[in-house]
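These protein sequence lines map, in sequence, to chains A and B. Each residue of the first sequence is one higher than the last, beginning at 1 in the numbering used here. Each residue of the second sequence is one higher than the last, beginning at 1001 in the numbering used here.
Derived by calculation from the structure, the hints in this document are not laboratory data. Check the hints yourself; a few may be wrong.
Below are the DMTMM-like pairs computed for lysine to aspartate or glutamate, each with C-alpha atoms no more than 20 Å apart in a straight line [claimed, not checked]:
{"no.": "1", "chain 1": "B", "residue 1": "K1003", "chain 2": "B", "residue 2": "E1032"}
{"no.": "2", "chain 1": "B", "residue 1": "K1224", "chain 2": "B", "residue 2": "D1213"}
{"no.": "3", "chain 1": "A", "residue 1": "K184", "chain 2": "B", "residue 2": "D1218"}
{"no.": "4", "chain 1": "A", "residue 1": "K184", "chain 2": "B", "residue 2": "D1103"}
{"no.": "5", "chain 1": "B", "residue 1": "K1008", "chain 2": "B", "residue 2": "D1030"}
{"no.": "6", "chain 1": "A", "residue 1": "K184", "chain 2": "B", "residue 2": "D1095"}
{"no.": "7", "chain 1": "A", "residue 1": "K262", "chain 2": "A", "residue 2": "D234"}
{"no.": "8", "chain 1": "A", "residue 1": "K184", "chain 2": "B", "residue 2": "D1030"}
{"no.": "9", "chain 1": "A", "residue 1": "K184", "chain 2": "A", "residue 2": "D170"}
{"no.": "10", "chain 1": "B", "residue 1": "K1114", "chain 2": "B", "residue 2": "D1103"}
{"no.": "11", "chain 1": "B", "residue 1": "K1074", "chain 2": "B", "residue 2": "D1102"}
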Amino acid sequence: MTTLIQEVEPEPDSAIKRWLVSDRGATLSAAVLFLVMWQLLTLFAPRVPTPWAVVKIMWIEVTGGDYGSVRKGEFWNHYAATLQRYAYGLAIGFTAGVLVGALIGASNIARALISDTVLVLLALPAFVWAFLTTMWFGIGWQAPVLTVAFTAFPFVAVNVAQGVRAITPDLRHMSTAFGVTPVKRFRHLILAGITGYVFAGLRFAMIVSWNGVLLSEWFNGQVGVGFRTRYWFDANRYPGFLGWVISFIIFVVALDRLVLTKLQARAFRWRKTNDELDKDLLTTVG
Amino acid sequence: MAKVTVSKLAKLFPPPIKGGDVVRAITNIDFEVDGNVFVSIVGPSGCGKSTLLNILSGVDTPTSGSVTVTEAGKPAKLGYVFQDARLLPWRSVMDNMMYVRDDASDESVANAAKYLSMVGLDHTHEMFPGQLSGGMQQRVGIARAFSVEPDLLLMDEPFSHLDAMTARSLRDHLQELWSRTRKTVLFVTHDVMEAVQLSDRIIVLAPGGVIYDDISIDLPHPRKASDPKVATLQAEILGQFENMQIPAVE
Ligand SMILES: Nc1ncnc2c1ncn2[C@@H]1O[C@H](COP(=O)(O)OP(=O)(O)OP(=O)(O)O)[C@@H](O)[C@H]1O
Ligand SMILES: [Mg+2]
């Protein structure tokens, strides 16, 4: 006897549900919820500025106008200064991280000698570097740049080391047995093998060292996002302070959502089975 | 037609624990394979089968003695199917095929596609190995080895990680590929039945890496597992194996 089982197409989720769990839907509904809670909070805590007060002052920061000493384009100047330091610091930390990570991954001796040090660095919070570099170099560009470099470095190194170790002797033997040329090996075995890990490391490094650059500027800058945040804090102007805090949170969340997560997912495409790819479309939360 | 010459080959490994004995993976082996024959190497676990293939493929070096693999006097081109598929996980199936090929011309791609098609993997070109089942990955490994059109094909227990049904169907694929191309094959296996079904000659290794026996099998290819002649021969040779006094490892 044969039983016929009716084939049932899995029913797609409703449009609203899909939108809610989609990237954009989740971000937007979270933002709205946050704004509502915030407005409610100001009813009970008068020291907390209202969303509207924050918007007003940030508008002036962006467009220029009359508010104490604010000049035109203040906002962009500070962001430009910070982003420049951030980029230099990341470039240094990333390069060092790739080199040291490759060394740890490839050599057991290097691993024995330096991997513990890297782990210690990994555990050091950014503010330690912000303090130390300010003590060493005083006021200037060095402290924020190096704070970023030091915080970014161990994240890249650890991930690259893991990537190098994912290239197993088995795969190297296979390449030897088939007589694959060194150039092809470097490109398809080594580089392609570690790319995903490099992006994963870079992503963590960028998120963590963003805190680093702001902290460092808070202590020592004359310009920059961290400096400006402190400026409003010291002036007892909470709308300005909160506005800047929100701006740098938005910056890092957008950076992660719009760029880093996507790059990492693309570079790690191969790691996923079909099921995992599906699941990932639903939950791209960092 | 590749020619394989193994003479006075020995391979020792350093002791696995400090102060232990060196491991004798292979002790003084001599044999020769000449022409388009399918040769199986059979023997219990640890008797140096993989080591032998690794030395033949240049992945490992002998402690003493020599091996040569030549094709019309020149070094032969090799294909290798491993116990596991050994694909680059971060490259698509097609890119894995192209990784071991010398040129990337359209013709070369079409050739790779032809071999994928022979193992029934037409629809997988753009997939990553992680998206394939173990049996499919192993088929990619087989297609890859055949597609370089090797003079000598080395296969190290290519079906031992698979379930019986998949292994059986891959054995049929293999026979078909082999009947069409007639490469020189060295095929390592634990499985005497498999060896009898596939090969023209079976070299039996004993623990310590010495040759224990060398059997010829004279039946036309391809052979079906269900063919009574094959079954009879399998039973007969299996019987011989049961009577063998294979020395135990010390
Ligand atoms: N890289 C190595 N270092 C040390 N010892 C090794 C190494 N490779 C193999 N051996 C030893 O050499 C012996 C032969 O190993 P080999 O892998 O060739 O056996 P095999 O016949 O292929 O076994 P199996 O059927 O289980 O695959 C074993 O005792 C093994 O422990
Ligand atoms: Mg083996």
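Structure-based check of all given hints:
1. K1003/B - E1032/B: holds (7 Å)
2. K1224/B - D1213/B: The hint is violated at about 25 Å.
3. K184/A - D1218/B: With Cα atoms ~43 Å apart, K184/A and D1218/B exceed 20 Å; violated.
4. K184/A - D1103/B: Given pair K184/A, D1103/B holds - Cα atoms ~11 Å apart, limit 20 Å.
5. K1008/B - D1030/B: holds (5 Å)
6. K184/A - D1095/B: Holds: K184/A and D1095/B sit about 12 Å apart, inside 20 Å.
7. K262/A - D234/A: violated (38 Å)
8. K184/A - D1030/B: Given pair K184/A, D1030/B is violated - Cα atoms ~36 Å apart, limit 20 Å.
9. K184/A - D170/A: With a Cα-Cα distance of about 17 Å, the restraint between K184/A and D170/A holds, given a limit of 20 Å.
10. K1114/B - D1103/B: Given that 20 Å is the threshold and the Cα spacing comes to 16 Å, the pair holds.
11. K1074/B - D1102/B: Measuring from Cα to Cα gives roughly 18 Å; hence the hint holds.
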